[in-house]
Every structure is written in structure tokens, then in C-alpha cells.
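Model the full structure from these sequences, guided by the hints.
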Amino acid sequence: MNAVLRLAIFGLFAVPGSAHHEFQVFVQAHSGRPVNCALCHTSADGPEGSGPGQIGSLDEAERERLNRARAAFDPSPVVDSPILNEFGNSIVARLGKRRILELRSKPEALAAELGDASDLDSDGIPDSREYLEGTHPLMRHHGDPWSLFTHELRANAFHVVMLGLATIVTLYGLISILRGFALRLRARADATEN
Amino acid sequence: MSTILEPRSRRLARFVRERFPLENLDPKHMIEKKEVPRHRMSWAYYMGGLALFFLLVQIVTGLLLLFYYQPTVSDAHASVETISEYVSGGAWIRNLHAWSSSAMIATVIVHLFTTFAMKAFAAPRELTWVSGVSLALIVFGFGFTGYLLPWNQIAVNATKVGLQSVEAVGQYLPGEMAHWPTFVRETIQGEPSVGQATLSRFFAIHVIVLPLLTIAALGVHLMQVQLHGMSRGVDALKVKTEKFFPFFVIKDLSVWGVAFFVVAVVAMCLPFDSFLPFPLLEPYNPLGSTPDGIKPEWYFFFVYYPLELLPYWAVIAASTLVLGALFLAPWIFARTTRRTLSALAIAAALYFVVMTVFGHAIYDALKGGPP
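Taken in sequence, the protein lines are chains A and B.
Quick note: the first sequence uses our numbering, first residue 1, plus one each step.
Quick note: the second sequence uses our numbering, first residue 195, plus one each step.
Warning: the hint list may mix true and false statements.
One side of the interface only, derived from the structure: several residues of chain A facing chain B at Cβ under 10 Å [said to hold, decoys possible]:
id: 1; residue: A29
id: 2; residue: S31
id: 3; residue: F73
id: 4; residue: L120
id: 5; residue: D123
id: 6; residue: T135
id: 7; residue: L153
id: 8; residue: T167
id: 9; residue: L174
id: 10; residue: L178
Everything labelled a hint here was simulated from the structure, so no lab data went into it.
Here a beta-carbon is modelled for each residue, glycine too, at the ideal position from N, C-alpha and C.
The following block contains the structure:
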């Protein structure tokens, strides 16, 4: 019975198995940045196909995980779809499949639904903001440059201070050596003149 | 009159003797007696040293990157990711390499404009100028070849466009010369499409050929600077000076220190990749279509946007003329006043800044969409 149910769920939701392009179209229009399916999916070309991270390449165990994720209509802490990346899975886990399908008609509301709490790449910019700005929520080196700079400056304050001190001390040492050389040269020149 | 009657061989010998006054190659002349003019343009004397400093940063960080970078199409992108994500201090070193390369090119451009405005190419400093222009071209070559090495979408697609542009020059050349650009493109590319051979060749050019050319050109450049000293730079007959050693050297060193601190902090806190759209940072997919947003590095915008807006032949003709004029500046502008040269340099700098900062907006305004 369980197997029949799983098969029914797979049959019901595997077709169509395409990504929700509404979100991609919205992000591109809103941010002005080109984005692709890799924003939420494992493959940059979306879930359909037989490439790595696409439905056609999944083995038995991965299909099982995919079906469980597809059955997650309500928010569920355990979503691990092999065709979604960490960000995609986190969206399904937080909102549930039903809410995501509803949001297809108003993709701009997804950011508000996700809230500011999650920052999967720990770059200081919430995932919801990265979604709106068209930057990758899983790339630590990718985001609004000014936000990244201020976040990293705060995080590396100690290193910055130490770097400043090291630079000043090194400069002081080198300049002292140069002054010493200059004095020696002058002394030698004076001695030659005398 | 006497110059006209002088035999050619003698004139050549005099030219060489005047450009290479080897009697000046002693510590007394190069250190103790050397003076640096002081005037409103004195800040420009630090630009050459600053460019040299950024080159040194490039060499050190580049050597460190070589320990991990794999120049193969299968591993290049992954090795760059490994450097950024897993190697201790790797992200900082890679960012330092990327930021200091941009800083070096910016400094070289400012150095070029200011020395032109100050007429620093006037006799007997022609070779300083010619070797300097050669160095500027080499620096752009470093930028072009280094761009491909991470082997991501933007790198490969932008390189393809660049190589196609080289080949397209052939259609405007007469006779047998029409095949030369194709030969150059094939030689650099190494195979019918941009692939492993291209990556290997770009890598070899980036880490072997260009560094060797840099050593040669920089050797001539620095030797000329030592032999002839700093140019006066202004029209005033009486110019205050300061001792090169230790006063100017100490100031120069302080500028290096500030530059190091600034570029090191920027490299620590601001990933260079953050300015690129994220799909372009993915590994190159040979079966995929060319993604949106493909552009060269910012320092090529001054030629990239005109290429997008104007007929190809017009941009190539203008570029050839400007490049020729740059190399021959000591002879073309031998009698031009510093005031005129300053005006030309300001106009060129304005053009460069406008194209770099507003090129995209200008394109949008004229063509109604991104390039």
C-alpha cells in the first residue's frame, strides 16, 4: 500500500517536473542581473534532463528523496531533494510545497515569506535579500559589494587592526634603516671633504 | 646645420651615447646626487613606483596561487574554488592578486597620462617612454590572459569574443597581411575552439612569456630612469628639488605602505567576484549558450563599448592611430607645449573615465538595451 501511495505521489508530481520559472523571471527583472536555475536547483539547466543533479540521472535512493520532498506540502524540517540545492531545499522546508505553488503568481512575496533569519552562506546578507538582489545565497563571495565589505570589515576587525600595526611597524623600521644609511653617507662625504 | 652634415653612423652613435650615459651608472649619481623636482605635479612622480609595487604584489601572490592552480579545463575552475574555499588564506591571496592587478593597471594608466602631460618623454628620455608604453601593453596582456584562467563562463566567453575581434582585423588588411590576424588567433588559441590548448597557452603566456617581457622592458625602463633622473615636468625655469635619497625614497616607501594596507584590507573584505553576476562564475559549459552579461574586465571598457557602438573598422583604425602616436610621442610631440599635452592628456583621461564608468549607460541610451 505504501509503495502504491509513493508511486501515485511520484506520478502526480513528477509531471511536469520543471523548475518554477516565475521566480527566475522575477529575480532577473527585479535585480537586473542574469540568473539561472542554479539559484535554487542543483543543475544550472534546471531539474529536467539527464545531467548531474537532474531527474534523469537520479538513482533509486535519490528518487526516494525526491518523492519525499515533493510530498512536503506543508513546512517540514526534513527536505532533502537531490534536484534542489541547499537554498531550494530550505525554501521547501520553510514554506512547504503548497505555499511555493501559490507564490508562483506573486514571486515578489517570496522574500517576505522567507524572512531575514536565514543566511546559508554566512556572508552577512540574508538569503531573502540575496534572492531579491539576484546574488547567490550559497556563494560566500557573492552579494551586494558594499554589504559584503561592511560585514567582512566587522568580522575581520582584529585582522585589519593587526595589519595596520604591522604595516606601520615595518615602515618605521625600513625608514629608520634608510635614515641610518643616509646619515652614514653624509658622514662619509663630510670625512672625504675634510 | 652640423647635425645635417654629420654622417648617419656618427649620429646613431651620438644618439645611443646620449641615451645611455653609462658614466651616470654609479651610486653617487643614482643615490647621493639624484634630485627630484618639487612642483604642483610632484604627486605624479610616485605613480611609477606605485605601479612597480603592485607588480611585486602580483608576482608574490601569483607564485602562491601557482602552488594550487591547475591549468586544465577539467580542474581549473575547481582548483580556483579550492583556493577560495579551502586553502588557508587562499581567498585573501586570490583577492589580493585580483585587486592589485586592477590597481596596477589603474596606476599604469595614470602614470601614462601624467608623464605624457609633463612631457617626460622629451629627449633624452625617449627610450624611457617607449619602454613604458611597452610595459603598459604588457600589463594589458597580463589582464587579458589572466582573465581566462579561472575557466568560468565569463572568462571563456569573453576570451572567445576577444580572439574573434583579433581575427576580424584581417578583413581590413591588404593582400597576404589579411591572414596574419587569423594566424595570431590560431597560434594563441591552439585549437579550433577555445579549449585545453588555449588554456595551456594563455597560462604559459601569463606566467612565462609576459613576465620575461616585463623583466626586459622594466630593466630598460628603470635603467633609463636611473641614467637620466626624473624629468622636470613643468615649464617653470626654476624648480625646487629635494634629495632622492633619503627624502623621496622615504615618501615613496610610505606610499607603498599605505597602498599595501588599502589593497590588503580591500582584498580581505571585498571579494573581487562580487561584481560579477553569479551564473558567470559557474564552470564553463561548452554545450551551453553564451550567457547574458559577458563583458571584459573594466580596463578594456574604453575599447569594448566603442566596439559595440561604432563600426569595427573605425575603432580599429582609431586604436592603431592612437597606439602609433603613443609609441612615437617623443618625436610627434617634440615641439608641443606642456599646456597642449596637458589638455590632450586630460581629454584622454576623461574619455577613459567616462567609458569605464558610464559606458554601459551610454550603450543603453543609444541602443536601448544591454550589450
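Each hint tested on the structure:
1. With 10 Å as the threshold, the beta carbon of A29 of chain A stays out of range of chain B, its nearest partner Cβ sitting at about 13 Å, so the hint is violated.
2. Taken as an interface hint, S31 of chain A checks out: its beta carbon lies about 9 Å from the nearest beta carbon of chain B, inside 10 Å.
3. The interface hint given for F73 of chain A is broken, as the beta carbon of that residue sits about 30 Å from the closest beta carbon of chain B, more than 10 Å.
4. Using the Cβ-Cβ criterion of 10 Å, the hint placing L120 of chain A at the interface with chain B is not satisfied: the shortest such distance is roughly 14 Å.
5. Annotation: D123 of chain A was flagged as interfacial toward chain B, and the flag holds, the nearest CB pair being 9 Å apart, inside 10 Å.
6. Hint status for T135 of chain A relative to chain B: holds, with the closest Cβ pair at about 6 Å, below 10 Å.
7. A cut of 10 Å between beta carbons decides the hint on L153 of chain A: the least distance to chain B is about 5 Å, and the hint holds.
8. Hint status for T167 of chain A: holds, given a least beta-carbon distance of 5 Å to chain B, under 10 Å.
9. The restraint placing L174 of chain A at the interface with chain B holds, with a minimum CB-CB distance near 6 Å, inside the 10 Å limit.
10. Proximity of L178 of chain A to chain B holds as hinted, the smallest CB-CB distance being about 5 Å (cut-off 10 Å).
Violated hints, in rising order: 1, 3, 4; the structure is consistent with all others.
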